[in-house]
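Trainee: Turn these sequences into a full structure, and let the hints guide you.
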Amino acid sequence: MRYIASILAILMLGAASPSSRPTPNVAAEIADLWSNDSAKRAGAVEMMKHTISTEPRTGVTEIFKSRVLDIELPHWWNPNHQYDADFAAIALACINGQPDSTDRVQYFLEVRIHSLLNAGRNLEALAAAKSYFNVCAVENTLKAIGLLGDCLAAAYPSDPALARRFKLQMLGVSAGNNVLSAIAVDASVYDQSGFAMIRNHDWRDLASANLRLLQDHPQQAKEIFDRLASSSTDAVRPAGQEGLLRLQKAVNPLAASSDTNYRPTELK
Amino acid sequence: MARGSVLSLALAAIMLAAISSLAWWGYKSFIVRHISLSSSALVKIPTQDLPGGKATEKLRTKVAKLARSNGAADLPPSPEALEAVLPSSVVKWVAAWESHELEGRGASDDEMHALHELLLSEAVDPVVLCGLMRTIDLVDGHVSTDHIYRVVIDKTTATLNGVNPPNSDAAPLIAAMWPLHDILSDMHAHDADRTLVESLRKWETRGSPHSLMVDTLYAELLYQSGDNDAATSLLTDLEQERKATTNTSEGVNRPLDWDIALSLSHAGHYAEAAKRFEAAAQQHAAFSRAAALSVPVMLYRAGQHPEAIAKFKEASATYHLSAKEIDDLAHQMQGG
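Which chain is which? The protein sequence lines are A and B, in order. Throughout the first sequence, residue numbering follows our numbering, covering 1 to 268 in sequence. Throughout the second sequence, residue numbering follows our numbering, covering 269 to 604 in sequence.
Worth flagging that the hints you see were computed from the coordinates, not collected in a lab. Heads up, none of these hints are tricks.
Straight-line alpha carbon distances no greater than 27 Å define the calculated DSSO-like cross-link-like pairs of lysine-lysine that follow:
id, chain 1, residue 1, chain 2, residue 2
1, A, Lys65, A, Lys40
2, A, Lys222, A, Lys143
3, B, Lys543, B, Lys581
4, B, Lys543, A, Lys65
5, B, Lys581, A, Lys40
6, B, Lys470, B, Lys423
Non-contacting residues of chain B with respect to chain A, defined by C-beta distances greater than 10 Å in every case (computed):
id, residue
7, Asp495
8, Lys543
9, Gln550
All residues carry an ideal CB built from backbone N, CA and C; glycine is no exception.
Mentor: Below is the structure:
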């Protein structure tokens, strides 16, 4: 009996090992991004990339909580913008790592947009800004319009009217062809890599709907949000209802032009 | 034969017992393993993402609030909507502004001056006035100047003061004024912003989340205008209130300690400022470096030289300061 109990104890320890396995102090290593030592900063960037690829959920949480990628920070540690491409990639991995957390998706998309702009990858930033517009909470619509305006101005500097026309269209002014619908999103950058970690099927559905908004396929998200909104589970229904409101904002921007097939020359 | 049968039966019974206990042991270890794995997976999921709890409550409140407004984003009014309610002279200005925007250029200084004159002379509904400023700001960026907003806020405040609380007439005015704060804050138009926030403070119901927010904004404005003792006192009161009423998880709000430390420092209360900077350094990664480096400066200025030098060495090691940064820090400690 004692023998069996020992075996059971060993088995229990074995079973519990995934959670009790000593993991590197992710938070402490990420904090090295503040270091003045360029080797330590490079190490912190590598650490973030490694954590995101091996333990996405933990990685997203640690990076989110650390706020090291805060866009409002002076980038004294990144004066030559050498890490902008890394930050954009890390932010994207974080979005894909936890697509069921709409708040975090918005936060990391903002980081990605700013990193891409800093890296001079303005068209990619513009596409990310459109994804942000689609997925963001309704109360962030103004911010999304501002981001899209900034990205349009950066991507098409020879056409200063474009960003202004876009903003007027968003306010209901009929100003030529629809700028928003002409912005293309590369759907392949957003994937299902984080889905396996989401055990609850409702939250996996929420992730799936968010993914479709990110990919600029809002109509495909409707069925999912409808299902969540009519769920009998009290905790799920509000997420579905909130998703429907986000969807409504994405598919019915105030200044949608009737000619959605048009692609202006500058956006081709 | 009988003896053989008994032996066989006994052997079978022993084997059956062994198989049963093995099966039970296997089943148990399966359950143990299964439960342990599930628990370990759940541990990694942040609690705010789990069903139920405060996050769901927050979401429910948000949905209820949005549903009341039909999910509409809080966008500024369209030029067309403004033109329907503005006096003809301002309508003319808006039409010209819109056509300039479509051509790709923003409003010039002369055009903004003309708008200022119009706003001074024309009777415009304050809610419409706030909407007009938001529309211009969204499309054009912060081209408007402090004195134009001064006209808008003075007119809105005058109307508010003519309404006796509690009165539902005040609600649309207050709602129209709130978004202007963000614009004024971005523009660093502290003077106009302070008038706006003072007006909002008078009207927001005590104890509401809005009143806490407006009080914090007011404290920041006090600090920005150099009234450091008043700012510190108000921020300290707010800190107690915030602890009692809100849950600031995951560093969503910047630490109040940071604001308090800044105002204490500017008011010359260095020892207290050091404590607040130390607390701020622990609370928010975004402020940790700046706050930690401020601690030795504050301690040195407070006359606590050994403690300041110890903190100075600690910060130098933690943040791998360059020779220049060490020089700068030493200079600051001595009052530079």
